[in-house]
Amino acid sequence: MASSTKNGDEILAELQEIFRDILDQPDLILTRASNASNVEDWDSLAHINLLTTIEKQFKIKFALNEIQELKDVGEMIDLIQRKLASQ
Amino acid sequence: MNAYRLGDVTVGMKHAFDATFTAEDAAAFARISGDVNPLHVDETYARAAGFASPVLFGMLTSSLYSQLVGVYLPGKYVLLQGIDIDFNSPCHAGDPLHVAGEVVFVSEALKRVEIKASIRRADRKLVSKATIRVGFHVD
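If you read the sequences in order, they're chains A and B.
Mapping to our numbering: the first sequence position 53 is 53, numbers consecutive.
Mapping to our numbering: the second sequence position 131 is 1131, numbers consecutive.
Check before you lean on any hint, since a few could be wrong.
[What the hints assert, rightly or not] One side only, chain B facing chain A, incomplete, derived with CB under 10 Å:
1) Thr1044
2) Tyr1045
3) Arg1047
4) Gly1082
5) Glu1102
6) Ala1109
7) Leu1110
8) Lys1111
9) Arg1112
10) Glu1114
11) Gly1135
12) His1137
Rather than coming from a laboratory, the hints here were simulated on the basis of the structure.
A virtual CB, placed ideally from N, CA and C, is assigned to each residue, including glycine.
Make the full structure from the sequences, and use the hints.
Here you go:
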């Protein structure tokens, strides 16, 4: 399979749309520093909904250790980029 | 009751069963939910509105989705985490209903399974369709 070449800004833009939909916050501005502490309603169930939607949209699969290490959106973007590049 | 573990669940697994609700079931749902809309509880009103009898509550028939995932697919070890439902056609007390579901997504890392499901009348008319999200609470 050909690897994808999405850059960090493109992934961030896609993530922002996913977060806005899942968290029902149409005006949410997502940055690399966004995390569960500074984004309203990003709770454990929302986290699962976010990651499953990301898996489907980017056609990637996360491993348990990968998602346990995620600290913020920046690390999420980096992980998605690594996943896409390795496909 | 089925008791599939997360590792047992694969995309494409299916389960189906049949069910029928009575007028007494609808009356009980009206009492529990507080939804006393006459289309659901008043025979005369429902007939005047063009229905053969009171329309069963969509949320009552959709309770069969709870049974589908909580008892059969995957069963014992999951908790319902979310559900999107479209209500397509009315059904009535006494109508035989056919419930069918199929696993369409499994994430072992997130302990999440998604099931596409439908409820159809005996004439195959679609009563509702749903995407159901469940999470495993044990490994």
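Status of the hints after comparison with the structure:
no.: 1; hint: Thr1044; verdict: 40 Å, violated
no.: 2; hint: Tyr1045; verdict: 35 Å, violated
no.: 3; hint: Arg1047; verdict: 40 Å, violated
no.: 4; hint: Gly1082; verdict: 7 Å, holds
no.: 5; hint: Glu1102; verdict: 16 Å, violated
no.: 6; hint: Ala1109; verdict: 4 Å, holds
no.: 7; hint: Leu1110; verdict: 5 Å, holds
no.: 8; hint: Lys1111; verdict: 8 Å, holds
no.: 9; hint: Arg1112; verdict: 5 Å, holds
no.: 10; hint: Glu1114; verdict: 8 Å, holds
no.: 11; hint: Gly1135; verdict: 7 Å, holds
no.: 12; hint: His1137; verdict: 12 Å, violated
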